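J.: These are the residues of each chain, in order.
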Amino acid sequence: MGELVVDKHVKYILSVEKRKDSFESVVLEHLRMNGAYWGLTTLDLLGKLGALDSNEVIQWIMKCQHESGGFAGNIGHDPHLLYTLSAVQVLALFDKLNVLDADKVANYISGLQNEDGSFSGDEWGEVDTRFSYLAICCLSILHRLDKMNVEKAVNYIASCKNVDGGFGCTPGGESHAGQIFCCVGALAITGSLHHVDKDLLGWWLCERQVKSGGLNGRPEKLPDVCYSWWVLSSLIMIDRVHWIDKDKLVKFILNCQDTENGGISDRPEDAVDVFHTYFGVAGLSLLEYPGLKAIDPAHALPVDVVNRIFFQK
Amino acid sequence: MDAEEHKLPLSQNPEWADVTPIPQDDGPNPVVPIAYKPEFIETMDYFRAVYKANEFSLRALQLTHQAILLNPGNYTVWHFRRLILDALGIDLNEELEFMSGISENNPKNYQIWHHRRWIAEKLGTDVASKELDFTKRMLFLDAKNYHAWSYRQWVLQTLGGWENELNYCHQLLEEDVFNNSAWNQRYFVVTGSPLLGGLEAMRESEVKYTVEAILHSPENESPWRYLRGLYKNDPKSWISDPQVSSVCLKVLSAKANHVFALSTLLDLLSHGFQANQEFKDAVDSLRPSNSDPPDSDLAKAICSILRHVDPMRVNYWTWRKNKLPLSV
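So the protein lines, in turn, are chains A and B.
Residue 1 is where the first sequence starts when you use the working numbering, and the numbers rise one by one after that.
Residue 314 is where the second sequence starts when you use the working numbering, and the numbers rise one by one after that.
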C-alpha cells in the first residue's frame, strides 16, 4: 500500500503556486477564507500548523469582518455564512476566538434565520440546508446556539429528509452526501439525531462505496475524494462507519495523491487542489490513518481544538 | 451590451478617466497567496472603485458584466450587479438572456443559479415555461446537475408548470434509467403535483412503471428505492402487493444482478411477508456452493448470501443477520 506523503502536502499548501496564467488562481480570490480553512486545518491535522505566523492570518481575517458581524471571503467582499464559519473555525485553530465579539457574529447569523427555520446564506435569500449547518456549527463554536430558534431549525432540516433516509438541499431535493453531512452534522450538534433513521441512512451511505473503494455522493455517480469526508463523517456521527470497507477507502485516497508535487485530487490522475487535499487528509484522519491528529466529524475541526472550545474555562 | 469595449484597457479608456482604481489589499505575505492576470487585475481594480463609491450606473453595470465573465464565482460582483439592476430598473428579461449566455460554461456555479432565481422570482409566473425550458437545456448537458434540479423544483413550486413533468421524468429515464435525479424528481411530482391524485392514487401505476425498470436493469439502485418509497408509511400494503414480491422472485430466478432483489426480499420478510416455497427455492439456488451449513431461516440465508456477493458491505449484512429475530 502507498503512503501519505506528508512533507509534500505541507510544501504544496504552504506555497500554492503563484503562476499568473493559472485559471484556478483567478477564480479563488473571493473565497480565500474557505481556502485558509482548508489549508490550515490540513496543516494542523498533519501537525504542522506551527509553521505559520498566526498573527498575520488573524489580522487578515478581522479585516474581512463587516459591520453586520459577518465575514467575507476576502477583503473588500460582502459577508456570507460560508465565510463566517470558516473565519471562526480558523480562529479556533489558533485558539484566538477571544478576538471576536461573539455576540456581534451571533447576531449576524441569527438574523439570517427564516420563518420556517431555514437559513439564508446572506441578505439575498438563497436557502439551502448547507446554510443550516453553517449557522448551527458556527453558533455552537461561539457558545451561542440559544441565539437561534433551534427547534424550528431542526424541524426544517427534518422536513428535508427523504424516503431513502437521506437529505437534500431543500424539501424534496435529491439525497446527496454533501447535504447529508450538513443535515446530520447540524442535528448532531443540536442533539437531534433522533430525527435520523440511522439504519436506513447508514445503509444508503455505505452503498456509496464503489468497486475502486472510493465513495460517490449519489447512486451511479463517480467516486470523489471529498465524499471521503462527507460520507464518512456522516457515518461516524450515526455510529455506522464500520459498514464501509475502510482499507479500500484508505487505498483510494492514497491513490489520489500527487506523490511528486504534493496535494490530493478528486480521483486518481486528476489535478490536485487545496479543497480535495483537505478532504483527503480529513478522511484519512477519520479512518485513523497513523500520524494524523483526530478530527471531530461534526465541527470539522481537530478534536483537541473542539475540546478546547467546549471543555476549557 | 457591447462586450467589445473591454479590449481597450480601462486605464486608457476616456470614459473611465474620472475613476481612480483601487488595488486588491492582500495584506503582507498573504496566507494563501493567489496570482492574477493583468486584465483581471485592472477590471477588479476599477470594480472596487465603483463598488466603494456606490456608483449605480450603466458603465458600472457593464463593468460587473466583464468581472463576471472573468470570474463568475465572485459573489460580491453579483451582489453589486443586483443593486444596480434595482437602482436603474433594468428590464430583467434582458438579464435572463445574459444569464442563459453564461450558464452553459458554468453549469455548477451557485451565484449564477441564485441570481437567476432572484430574477425569475421578480418576473413571476410569466416566465414559468421559459425557466422550465432553460433547466431542460441544462439537464440535456448534464442530466444529474444538482443545481438544475433544485432550481427546477423551485420553479414548479413557485411559478407552476407541472403539466408535463411526469412525462419529462419518463423521457429522462428512457435515456438513462440509472439517473437517480430523475427518479427523485418522479417522486417529487407523484407526491407533490397539484394535478395528480397524490401518492396513494398514483401508487398502482407507479409500481408497474418501476417494476418494468427493475426488470430492465436489476442492478439499478434507484428503482428499488423508489419502489420502497411508494409504500412510505404503509408497510402492510408493501408486503401484500404481489407486484413487489414477484419482481424479487423474477430477478432472483434469473440469477444475475440480484443484490437489491435479495435486500428487498429481506426487507419484506422483516415486515412480516410470508414467503412460499418458490422463494425459498430461488434463494437456495443462489447459495455459494462452499458456504457454511444452510440457514433454516430464509432471512438468515439471504444475509449469508449477501455477505458473500456484496463483500464490500460484509459488516452491514452481518449486522442485518444478527439483528434478525430468533427463528420460531
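Simulated from the structure, these hints should not be mistaken for laboratory data.
Hints are not guaranteed to be accurate.
[What the hints assert, rightly or not] Rough simulated footprint, nothing fancy, chain A against chain B, three-plus residues with beta-carbon under 8 Å:
1. 396-406
2. 411-417
3. 471-477
4. 531-540
5. 628-635
[Claimed, not checked] Which residues of chain B face chain A? A few of them, derived with a C-beta cut under 7 Å, are:
6. S324
7. Y481
8. S494
Quick caveat: nothing in here was measured; it's all calculated off a predicted structure.
Ideal Cβ positions, reconstructed from N, Cα and C, are used throughout, including at glycine.
J.: All hints are to be evaluated individually against the structure, with a verdict given for each.
T.: Taking the hints in turn, this is what the structure says about them:
| no. | hint | in the structure |
| --- | --- | --- |
| 1 | 396-406 | violated (count 0) |
| 2 | 411-417 | violated (count 0) |
| 3 | 471-477 | violated (count 0) |
| 4 | 531-540 | holds (count 4) |
| 5 | 628-635 | holds (count 3) |
| 6 | S324 | 18 Å, violated |
| 7 | Y481 | 15 Å, violated |
| 8 | S494 | 5 Å, holds |
This entry does not satisfy hints 1, 2, 3, 6, 7, going by the numbered hints stated previously.
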